[in-house]
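Student: Sequence:
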Amino acid sequence: MMEIHKCLVLALILIFSVIGSVTSDASNHKYKNGDVVPLYANKVGPFQNPSETYRYFDLPFCLPGDLKEKKEALGEVLNGDRLVSAPYKLDFLVDKDSEFICTKKLTKQEVAKFRKAITKDYYFQMYFDDLPLWGFIGKYEKTESNEQKYYLFKHLQFEVLYNKNRVIEVNVRTDPSALVDVTEDKEVNVDFMYTVRWKETNIPFEKRMEKYSHNSSLPHHLEIHWFSIINSCVTVLLLTGFLATILMRVLKNDFVKYAHDEEAAEDQEETGWKYIHGDVFRYPKFKSLFAAALGSGSQLFALTIFIFILALVGVFYPYNRGALFTALVVIYALTSGIAGYTASSFYCQLEGTNWAEFQAPCRTTKYPREVPPLPWYRGTLAQMGMAGFLPFSAIYIELYYIFASVWGHRIYTIYSILFIVFIILVIVTAFITIALTYFQLAAEDHEWWWRSFLCGGSTGLFIYGYCLYYYYGRSDMTGFMQTSFFFGYMACICYGFFLMLGTIGFRAALFFVRHIYRSIKCE
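Residues -24 to -1, 1 to 499 (mature numbering (1 follows the signal peptide of the UniProt record, and there is no 0)) are what the sequence shown spells out, left to right.
By construction, these hints were calculated from the structure, which means they are not laboratory data.
Nothing here was measured: the structure is a model prediction, and the numbers come from that model.
Backbone N, C-alpha and C define an ideal beta-carbon position, used for all residues, glycine too.
Among the hints, erroneous ones may be present.
[Claimed, not checked] Restricting the straight-line Cα-Cα distance to at most 25 Å, the calculated cross-link-like pairs of lysine-lysine (BS3-like) are: (1) Lys72 / Lys125; (2) Lys96 / Lys125; (3) Lys162 / Lys183; (4) Lys115 / Lys89; (5) Lys162 / Lys92; (6) Lys8 / Lys175; (7) Lys162 / Lys81.
[Said to hold, decoys possible] Across the chosen pairs, the derived CB separations fall in these ranges: (8) Ser369 / Lys8: 51 to 59 Å; (9) Ile399 / Lys118: 48 to 56 Å; (10) Asp161 / Lys118: 40 to 48 Å; (11) Lys8 / Pro36: 29 to 37 Å; (12) Met362 / Ser312: 16 to 24 Å.
My request is simple: use the sequences and hints to build the entire structure.
Tutor: Written out as structure tokens, the structure is:
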């Protein structure tokens, strides 16, 4: 027991130490007048396709005299960050007016490259003292003669807010009067310049990240989030009320009937779940696959809980580069033992080894009972549809904000609300799986093992269906690269939800089945 506690403590220390490597330390952000404040250029890419990004200097900008790549943590690499030193020098409290960088003679090919980037609404991202800033590289507009004109921005204007010896906020704008026409394929000379303005502010250093999370906490956004939670809570109350009134009443009648002698139980044919007590604990087909799915689902559930804990304690503040990806990789590796232990122990229970024995309140008969023919709405696909719809309806409003954050440029920081929605999702999944399992057993269908897992995990299929709606109806993503990234990654994520919720559904159904068959006398 002590060894287990030591392993858990060591795992937590490792998680926080690895995540801490990508977390800014306040002591590293104090400057004196004239000190060089680090500015790194990160990446460029189409604004509509957040996953399609390229190195900043893949476009022919002015190169700095000493081009250096910043050493990146694991999460930053997985996030696609490519931090290199920028050609702009922003010294602490030093204003600059139209500071010249270089004169770049663009070839026809380079002009065409800039024009193509402007057509796709390319933006750039930089980090100044670990604060993110963005801007577009150019613009296009139609003239009176209905011709398309393309312009490259050559002058950036930086505005930096400071409090004593710390940088608090940074913004970048483009000079609308400093444009270079890149409409035609011809050589162009471009004088790249920048301006820097420092302004004092009273905002404390500890609150400098609140600017980036402010949008997700606006009153009208919070109202929508709380409406989502209220909607989900109503769903839970209706579902639990239905189960409490219907299932408990039916079960009570069943228990009363089965408590009497067979001569007194005249209407036993109305409820048939007792008649299959010799088959209900018959092990499912493909036991090894079933055990592996339960192991993976248990691991993903533990991973989700750990991620929520880190989010609620404030580790994933906005633009803490790579922290989430680092946490996912490290915790996934550390929780792999949960998957192995759960899968192997459950499989050994089904195999009947002495190490672990499956606890069943009823003996299993030697020969399986034939499942009676059932109507189509009691089939696996129909029940998966019913089982997935209710949990999905409890989370679909929150899904939009998550998608807009992961596959867009919104920021999601209300992790407490997300955790409440997740708890509601787990509860609804468990209860709806229990209800469908009871009706399946009442129809004398004893093959409930895989059915309960598939019904619990069917919400993952609904989420993937929402992916189709979001991609074609709510986003502006285009191109083969972005499309393959979106549907490929979401297929993996939805499969993870399928395994996790399927495990939750099966565990709830197993608890319910054991309870009802333990409450009767099995001959």
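Student: Work down the list of hints and note, for each, if the structure agrees.
Tutor: For each hint, the structure was consulted:
1. Lys72 / Lys125: violated (31 Å)
2. Lys96 / Lys125: The hint holds at about 14 Å.
3. Lys162 / Lys183: violated (48 Å)
4. Lys115 / Lys89: holds (14 Å)
5. Lys162 / Lys92: holds (14 Å)
6. Lys8 / Lys175: Judged against 25 Å, a Cα distance of about 15 Å means the pair holds.
7. Lys162 / Lys81: holds (11 Å)
8. Ser369 / Lys8: 51 to 59 Å: holds (57 Å)
9. Ile399 / Lys118: 48 to 56 Å: Holds, since Ile399 and Lys118 (Cβ atoms, about 52 Å apart) stay within the stated range.
10. Asp161 / Lys118: 40 to 48 Å: Roughly 19 Å apart at Cβ, these two residues miss the hinted range, so it is violated.
11. Lys8 / Pro36: 29 to 37 Å: Because 35 Å falls inside the window, the suggested range holds.
12. Met362 / Ser312: 16 to 24 Å: violated (34 Å)
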